[in-house]
Amino acid sequence: MSAAPRSLIRPVVRVVLRVGGTVLPVMLGVVTAVFFLLRLVPGDPAVMILGDRATPQALAELRAELGLDAPLWRQYADFVGGVLTRGDTGDSLVTGVPTAELVLSRAPVSLGIVALALVLVLAIAVPLALAAANRPGGWVDQVVRIVPTITLGMPLFWIGLLLIIVFAVGLGWFPVGGVGSPGSAPLEPLRSLVLPALAVALGMAPPLIRSLRAQLLEVTEAEFVTTLRAARIPERQIRWRHVLRGAALPTLNLLSVNLAYLIGGTLVVEKVFGINGLGTLLFQSISSRDFPVVQAVALYCAILVVLVTLVARLASALIDPRLRGAR
Amino acid sequence: MTTTSRRAVVALALAATLGLAGCAPAAQGDGAEPNPTAGGTLTYGRLASANDLDLHTQITANNAFAIDKIFESLVSFDEHGKIVDWLAKSHEISEDGLTYTFTLRDGLKYSDGTDVNATDVKFSLERNLAKEGPLMLTAPISEIAADDDAGTVVITLSEAYTPFLSELTSFSAGVMPKDFGGKTEDDFFTAPIGTGPFAIGEWDPAGDLNLVKNEHYWQDGKPLLDGLDYVFVADDNQLLQRLNAGQIDAIEQVPAANAESVEKGDTTKLLKSDSWAIEQIFFNTQKPEFADAHVRRAIAQALDLPGITQATTFGTARAASSLIPPAIEYSAADAFDAEPVLAYDVDSARQELAKSAFTDGFEATMLIPSGNSARAQIAQVVQESLAPLGIDVQIEAIDLASFRERFKAFDYDFMINSGQSDAPDPNGLVTFQADPEGFSNSFWTHYTNPEVTKLMHEGRTTADGPEREQIYTGIQRILASDVPYIPVYYSPNLHGTTAKVHGLESLPNGSVRFQDAWVEAK
Chain A
1 MSAAPRSLIR PVVRVVLRVG GTVLPVMLGV VTAVFFLLRL VPGDPAVMIL GDRATPQALA
61 ELRAELGLDA PLWRQYADFV GGVLTRGDTG DSLVTGVPTA ELVLSRAPVS LGIVALALVL
121 VLAIAVPLAL AAANRPGGWV DQVVRIVPTI TLGMPLFWIG LLLIIVFAVG LGWFPVGGVG
181 SPGSAPLEPL RSLVLPALAV ALGMAPPLIR SLRAQLLEVT EAEFVTTLRA ARIPERQIRW
241 RHVLRGAALP TLNLLSVNLA YLIGGTLVVE KVFGINGLGT LLFQSISSRD FPVVQAVALY
301 CAILVVLVTL VARLASALID PRLRGAR
Chain B
1 MTTTSRRAVV ALALAATLGL AGCAPAAQGD GAEPNPTAGG TLTYGRLASA NDLDLHTQIT
61 ANNAFAIDKI FESLVSFDEH GKIVDWLAKS HEISEDGLTY TFTLRDGLKY SDGTDVNATD
121 VKFSLERNLA KEGPLMLTAP ISEIAADDDA GTVVITLSEA YTPFLSELTS FSAGVMPKDF
181 GGKTEDDFFT APIGTGPFAI GEWDPAGDLN LVKNEHYWQD GKPLLDGLDY VFVADDNQLL
241 QRLNAGQIDA IEQVPAANAE SVEKGDTTKL LKSDSWAIEQ IFFNTQKPEF ADAHVRRAIA
301 QALDLPGITQ ATTFGTARAA SSLIPPAIEY SAADAFDAEP VLAYDVDSAR QELAKSAFTD
361 GFEATMLIPS GNSARAQIAQ VVQESLAPLG IDVQIEAIDL ASFRERFKAF DYDFMINSGQ
421 SDAPDPNGLV TFQADPEGFS NSFWTHYTNP EVTKLMHEGR TTADGPEREQ IYTGIQRILA
481 SDVPYIPVYY SPNLHGTTAK VHGLESLPNG SVRFQDAWVE AK
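Chains A and B, in that order, are what the protein sequence lines are.
Reading the first sequence from the start, the letters are residues 1 to 327 in UniProt numbering.
Reading the second sequence from the start, the letters are residues 1 to 522 in UniProt numbering.
The hints are simulated quantities; they were obtained by calculation from the structure and are not laboratory data.
This structure is a prediction, so every number in the text was calculated from the model and none was measured.
Note that the Cβ used here is the ideal one computed from N, Cα and C, for glycine as well.
Keep in mind that a hint or two might mislead.
Label pairs and their in silico Cβ distance ranges [said to hold, decoys possible]: (1) A/Phe36 with B/Gly371: 20 to 30 Å; (2) A/Leu72 with B/Pro436: 52 to 62 Å; (3) A/Asp78 with B/Ser373: 48 to 58 Å; (4) B/Gln377 with A/Pro108: 47 to 57 Å; (5) A/Asp78 with B/Glu384: 47 to 57 Å; (6) B/Asp85 with A/Thr55: 22 to 32 Å; (7) B/Gly390 with A/Thr22: 24 to 34 Å.
The calculated lysine to aspartate or glutamate pairs, modelled on DMTMM-like cross-linking and capped at a C-alpha distance of 20 Å, are [what the hints assert, rightly or not]: (8) B/Lys131 with A/Glu218; (9) B/Lys408 with A/Asp69; (10) B/Lys131 with A/Glu188; (11) B/Lys408 with A/Glu235; (12) B/Lys408 with A/Asp44; (13) B/Lys454 with B/Asp464; (14) B/Lys82 with B/Asp464; (15) B/Lys287 with B/Asp482; (16) B/Lys131 with A/Asp52; (17) B/Lys408 with A/Asp52.
Sample of chain B residues with no beta-carbon within 10 Å of chain A, all distances over it, derived [to be verified]: (18) Asn51; (19) Gly107; (20) Gly113; (21) Ile141; (22) Phe232; (23) Leu239; (24) Gly390; (25) Ser440; (26) His457.
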């Protein structure tokens, strides 16, 4: 193991550089696309703020105050300029609160769901795939192959509703929604994140289970396993150290590809559970045409996806010896 | 979990809930109400956050119903829309209708303990006029005089304007300290000071709002609550589930489809009141087909409004027969119910259409905002009902922001929307929906009728009484016969509470008064 750190430095640097090199163009692309797509959609923020009964003068005054009467290229230049020079994504049109502040205050709860969902999806997928691959074609395998396909077909909000009806309203094990109240027990917020995270995890698990199961079976058939068996290495050791490791890599890749689903799913599920996180902020801001907030949420989510992708690539590099070589 | 076992669990859970509801003692709440207890906090679930508390620039419900907890006006209204003295202990209107004299209550204080005086009222009303916000006083005010020693405010109008008193009931006519109590305008409205039963505690403009008891409130011993938490819940189903689970004490809005289950639930209660809102079908009279009054009349006669109302509001609303809802004075709803101006009659509808220039029918698109299931259902019934006349209706559902942009640009054929009065006087609705000179162009229908315009002006200057009633009945009759819009139903306010909550007062503008509210210990 002593040689490992040195052999790791180059591939890690390479992965970081490669991902880092894509960050800026990705960010600029996201910012630009969101900026112009938002403005293609009809709907006036001033009308949404002042309501149906606002006089045309009041609307015009508000538009001027919010800078919405400036030409589009000017608004775009101001926004991109603010992001690049000061890292400033502007203020919310509706509340006047800096968008970065809004995003930061909502991020912890959303990230909590993402993290918990990630843990849950692994806790669901790995044992099930192992159990299924243990005896291919057996009844466990059949069940594991069929049942998850059913949740795959369910819309996420519906899974969420079912969980609420059964575990929150019916059994009362978890809160119906929200993230605890100021006076509640310290663990209360965590408890209220379980159902939303489970909903995301259940939606995400089926492809993972299927992939992991297929990989496990494929690796079990591989020549090196036969060789290990011939060398009389204990079966348990073969399975845990070699087979699972060999199968983990493609699954990890699949997981990183599914990150967008994970984050997107979290945003959707927040509404079902009435959680005031980034997703709710995004929905709220889209319907009120609060452009800067939508732009900021999109930008920060893109940064998040890029960062997590980086972590996933690094993890792959650590697991797969082939990626460490100079290729 | 397999599907069967999941279904079994769901079925069990549902059965358990229903079973419990079935054996609940029906008499709960019917007998002696428990004695009110002071203290505690009430959590109130709402679908939108309060994001701005400036009483002079706001109108939307999310902000209005937070602002009206903090600021109060000289006069207010009760749950039936009747005007009552509020910060003023009395008011007098001169014989000619030009001079209004208000005498403030003794010992009025703001939530920070400072005194309220007449100069504050003058300052507040003058800011209302200067801001030209969506709820600006439209009365022709020529002078506001304040006498701090006598505690009186005298407002003089340049000409008689009968709706003035009702305009003063608005939260935007609320009283705040002169010169913002020495603060800057921005600072003041982040933690505003008023005479209302509650003051701002903690506030997240994109999330929850925590209100605390105003210790100096002028109504002795009130509010009973120590705190009132406005909890933001973005989804109406989630809102309802949390009420059912007892996780929140009351919710601002119960979907009509769930009203019955909330009313009959053993842990929940339904709070219902008449409102100032009317669900309506509006015609763009710039479209040649809808410019033809015969076409509009034919459509009105082809629609079974009581049937539509029953089906889409689950029996919670009353079908409309006139523009002014029953919770506003001079509503002709009762009279027109007894003797409809245009009754549901498909044969008459056919004959009416035959008189138009579009005897063979035509195509039209009905615009509705998406995500509103009642409106989607109404649109479908309209589509079905007009097909026999040869009117081919397409339904276009778009999101609210786009919807508003479209109708304000007159880019629509006909649409479903709601009209709402802000005050208990018929003038507001009539002005907004039938004034071709106003910015709303008769609620973007472009409807113009000189007779209505003339009566509208008379209604504003005629003193309350039988003569004024006759004017508004006349306006309602012309509108019901000319049909620039079809009032479909008077929307009720539907709030839900848990069985432990008492003393909420539902107001016709959709707000709720909490000064008498209290929650049984949990």
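Do the hints match the structure? See the list:
1. With their beta carbons about 25 Å apart, A/Phe36 and B/Gly371 fall inside the hinted range of 20 to 30 Å.
2. Our hint of 52 to 62 Å for A/Leu72 and B/Pro436 is violated, since their Cβ atoms are close to 34 Å apart.
3. Roughly 40 Å separates the CB atoms of A/Asp78 and B/Ser373, a value that falls outside the hinted 48 to 58 Å.
4. At roughly 40 Å, the beta-carbon separation of B/Gln377 and A/Pro108 lies outside the given 47 to 57 Å, and the hint is violated.
5. Checked against the hint of 47 to 57 Å, the pair A/Asp78 and B/Glu384 passes, with Cβ atoms roughly 51 Å apart.
6. Range check, B/Asp85 to A/Thr55: about 30 Å between beta-carbon atoms, so the 22 to 32 Å window is met.
7. A beta carbon spacing of about 59 Å between B/Gly390 and A/Thr22 contradicts the range 24 to 34 Å that was offered as a hint.
8. Taken as a hint, the B/Lys131 and A/Glu218 pair is broken in the structure, with Cα atoms around 73 Å apart against an allowance of 20 Å.
9. For the given pair, B/Lys408 sits about 18 Å from A/Asp69 by alpha-carbon distance, which is consistent with the 20 Å threshold.
10. Simply put, B/Lys131 and A/Glu188 have alpha-carbon atoms about 45 Å apart, too far for the 20 Å limit, and the pair is violated.
11. Our distance criterion of 20 Å between C-alpha atoms is broken by B/Lys408 and A/Glu235, whose separation comes to about 73 Å.
12. Restraint check for B/Lys408 and A/Asp44: satisfied, since their Cα atoms lie roughly 11 Å apart, inside the 20 Å limit.
13. With a C-alpha separation of about 18 Å, the suggested pairing of B/Lys454 with B/Asp464 holds against the 20 Å cut-off.
14. Distance check on the hinted pair: B/Lys82 and B/Asp464 sit about 13 Å apart at the alpha-carbon level, within 20 Å; holds.
15. At roughly 16 Å between alpha-carbon atoms, B/Lys287 and B/Asp482 fall within 20 Å of each other, so this suggested pair holds.
16. A distance of roughly 17 Å separates the Cα atoms of B/Lys131 and A/Asp52; the hinted pair therefore holds under the 20 Å criterion.
17. This hinted pair checks out: B/Lys408 and A/Asp52 have alpha carbons roughly 9 Å apart, not beyond 20 Å.
18. Non-interface call for B/Asn51 relative to chain A: violated, since the shortest CB-CB distance, roughly 5 Å, does not exceed 10 Å.
19. Every Cβ of chain A is farther than 10 Å from the Cβ of B/Gly107; the closest lies at roughly 34 Å, confirming the non-interface assignment.
20. In this structure B/Gly113 is separated from chain A by more than 10 Å, as the shortest Cβ-Cβ distance comes to about 26 Å.
21. At roughly 18 Å, the least C-beta separation between B/Ile141 and chain A is larger than 10 Å, which holds for a residue marked as non-interface.
22. At roughly 6 Å from the closest C-beta of chain A, the C-beta of B/Phe232 falls inside 10 Å, breaking its exclusion from the interface.
23. The non-interface label for B/Leu239 is inconsistent with chain A: the shortest C-beta to C-beta separation is roughly 7 Å, within 10 Å.
24. Distance check on B/Gly390: its Cβ is at least 31 Å (rounded) from any Cβ of chain A, clearing the 10 Å threshold; non-interface status holds.
25. Distance check for B/Ser440 against chain A: the nearest CB is about 7 Å away, which does not clear 10 Å, and the non-interface claim fails.
26. With a least CB separation of 20 Å from chain A, B/His457 remains clear of the 10 Å interface cut-off, as annotated.
When held up to the earlier numbered hints, the structure conflicts with 2, 3, 4, 7, 8, 10, 11, 18, 22, 23 and 25 and fits the remainder.
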